[in-house]
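If you want the building blocks of each chain, they are given just below.
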Amino acid sequence: MAAPKRKTDIGPPHYDQMLHPAIKANYGKWKSHQNLKPGVLMHEGESGAKVYTVRGASARLISITTIREMCDLADKYCDGFLRYTSRNNVEFMTDKEANVEPLIADLKAMGVPVGGTGSSISNIVHTQGWVHCHSSATDASGVVKVVMDELIDYFTSMSLPAHLRIAVACCLNMCGAVHCSDIAILGIHRTPPTIDHDKLGNMCEIPTTVASCPKAAIRPAMVEGKQSVEVIEDLCMYCGNCYTVCPAMPIANPLNDGISIWVGGKVSNSRTKPMFSKLAIPYLPNTPPRWPEVSDAVKNIVEVYARDAKKYERVGEWINRIGWPQFFEKTNLEFTKYHIDDFTLASSTYNSSTHIKF
Amino acid sequence: MSNTPLIDELVKGPWPSFIKDIKRTAEKNEMCKDLLNLLEMSYRDKKTHWKHGGIVGVRGYGGGIIGRYSDSPELYPGVSHFHTVRINQPAGWFYSTSALRYICDLWEKHGSGLTNLHGSTGDMVMLGTTTEHLEDIFTDLSEHGWDLGGSGSDMRTPSCCLGKSRCEFACIDTMAICHDLTNEWQDELHRPAFPYKFKIKIAGCPNDCVASIARSDCSIIGTWRDNIRQDDAAVAKYASGELVYGARADGKVDIKADVVDKCPTGCMSYEGGKLSIDNKNCNRCMHCINLMPQALRVGVDGGATILLGAKAPIVQGALLSSVLVPFIKMDPPYEEFKELIGRIWEFWDENGEARERIGEMIVRIGKGNFVEEVGCDPIPEMICEPRSNPYIFYEEYFEEE
Ligand code: SF4
Ligand code: SF4
Ligand code: SF4
Ligand code: SF4
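Residue numbers (numbering that gives the first Met the number 0), protein chains in the order written: chain C, 0 to 357; chain G, 0 to 400.
Since the hints were derived computationally from the structure, they do not count as laboratory data.
Predicted, not measured: the structure shown is a model, and the values here were computed from it.
One or more of the hints may lead you astray.
Below 27 Å or equal to it, Euclidean Cα-Cα: the simulated BS3-like pairs (lysine-lysine) are [unchecked claim]:
{"no.": "1", "chain 1": "G", "residue 1": "LYS196", "chain 2": "C", "residue 2": "LYS107"}
{"no.": "2", "chain 1": "G", "residue 1": "LYS196", "chain 2": "G", "residue 2": "LYS328"}
{"no.": "3", "chain 1": "G", "residue 1": "LYS328", "chain 2": "C", "residue 2": "LYS309"}
{"no.": "4", "chain 1": "G", "residue 1": "LYS196", "chain 2": "C", "residue 2": "LYS30"}
{"no.": "5", "chain 1": "C", "residue 1": "LYS36", "chain 2": "G", "residue 2": "LYS328"}
{"no.": "6", "chain 1": "G", "residue 1": "LYS108", "chain 2": "C", "residue 2": "LYS75"}
{"no.": "7", "chain 1": "C", "residue 1": "LYS4", "chain 2": "G", "residue 2": "LYS108"}
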């Protein structure tokens, strides 16, 4: 047998091979769509062709066991095609209306909730956490699981004023760029790295370690006769970059690491411009395995929003209308000095007006 | 008794459980077993047990593999090495089951059997393998028509919304663009040579389902130059309640209150049952089209707005992308766009500092200077408002004759 041929720079397979025939036939020729019920979309082509999409939840961290089961369903109902969404849901598409209900029944039997369309809470975009990352201040998949267990009814219905997007990141690096979400759950380190002076000299290259710090907070130093480094603690912003290059500088601190909650961001341009999420809760304790403080806090914000916002208002639009004082009052959240920005351009967030409600 | 009592708590509840999933897979895979043990230890200690690794990779590539080691190799040897392989996803995250089953078989043979579908950048993220497997994985992948994604200071794997494949809002062919750019820039993707990472995301319309404006150094967002297409008969059906917005209890559209009054530019009116749009003043926000997709459609003269510079907070604070080019046609072979990106990369290469994202560089040198350097004219669409501070650095002076 000839040796396998190793090729480089061929790029990904062409998407053409991955499309359901009905998707291919109507490519670029779609006319409109309807959201038939939570998790079910119907797209209509110029030709009158109809394609049904069923959207199911996924943990994103999924095994080949689950993927093969998803493939079995796609073979059974969708001529062997499926896709994943930008929020890591799984989508099944078929041109046969009769397949929709049996597919939904099979998904439910598999333990896959169907929903996430329209004015719902869709899947939570998230990062690696303790499952796979060295800088994580908390787990990501576990936090997502407990929050969605709590909010599942908002996934399987479309009862909110507008869609609500939640994201989790397990450290400030924010691999998932959570900073423009209706609700962002962010793992935080709050203390500088600890330094193992006994090991550092052997394990790490000192110039590389010094260079790794974006704040220039690390300096070479002799400690008890050993080549090591020191951290200027006032400069450190707990990013963990140093730990990435030097395992003798762990950033994790079980006593102090925790979770912060941010609200009111969005990426769509609908009505208002995209917005950053702003600080709602500076610190919640890290309480695995089910983080009750975090899921309660998120649920509270969702419920107040659901009651108080006007039709089609996103969380950020709602807060901008009622104002931040009312947001803190209605959600019963404490306002602290940490909510007042002290970074570059902080002054642009001060209230320079007498626009105050009494 | 189970030796993972803490994470077992995550088997409960209605949302799909990743722990349950890993457990079933652990029946046939030692790596999964030790991953569960290591994770249990993190749940107990409230801290990560991973270390970043040395550089690992495959021959000829500088990116695509992320080295990962645990801090407890003696306790749990199965995950002492647990590297990630990023596989470049097909555009739009569409799969045939035969393609996905191939990937599953590969990962059964060479890895932990665990994946992320998908990673934040867009790749298929294959979690957990060891260095000895990497060359075999790559050879097998490339034989079957697959390739690795990016990592490190390179162009990261471009990704896109599903665009024209299933969305009538798409003003550009996102999947075709994504596939073409990925292939055009294979060298930039696989061999890191930039000051830092460079992400490209392509959204078909201003709804931006891929969050390109928040998550990519270069955001390509579809828009249109001509008029919103309007079907008056369908408008009447929304007005009468025959058509509704979504399948929600309060889905009947009140055209005046829900559409016209919520239009941010005040460019719509509804009088005597006739909806009118002053398209010259529409800012393409999508609200009215989102609400009444059967009655209103994006225009036919589609193209893209190009925005630059989004990033997460570290180091200088988070940024959203901001406008560089208000409208550019995006028809193959996308020459005008590619030339623009070429100029941007060249300038960033020469002027960017190590680990400085392009958005941070633009802030450091000034957007006015940047646009000039990459051959664009300064235009008011690039900003929200002109400066209010008088500290202008004039570059030209009159000299006495
Ligand atoms: S957000 Fe931070 S901890 Fe989480 S995966 Fe990214 S770098 Fe790792
Ligand atoms: S955590 Fe970040 S800021 Fe602090 S010393 Fe390490 S690299 Fe520097
Ligand atoms: S970004 Fe626009 S075109 Fe793309 S999927 Fe979303 S709504 Fe459709
Ligand atoms: S797209 Fe937005 S700005 Fe344009 S007419 Fe519709 S609601 Fe108004």
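To see whether the hints hold, each was checked on the structure:
1. For a cut-off of 27 Å, the pair hint linking LYS196 of chain G to LYS107 of chain C is broken: about 40 Å separates their Cα positions.
2. Restraint check for LYS196 of chain G and LYS328 of chain G: the C-alpha separation of about 26 Å stays at or below 27 Å, so the hint holds.
3. At most 27 Å may separate the alpha-carbon atoms for a hinted pair to count; LYS328 of chain G and LYS309 of chain C exceed this at roughly 38 Å.
4. About 38 Å separates the Cα atoms of LYS196 of chain G and LYS30 of chain C, which puts this hinted pair outside 27 Å; it is violated.
5. In summary, the hint linking LYS36 of chain C to LYS328 of chain G is not supported, as the alpha carbons are separated by about 36 Å, beyond the 27 Å threshold.
6. Distance hint between LYS108 of chain G and LYS75 of chain C is fulfilled; the C-alpha atoms sit about 26 Å from each other, no more than 27 Å.
7. This hinted pair checks out: LYS4 of chain C and LYS108 of chain G have alpha carbons roughly 19 Å apart, not beyond 27 Å.
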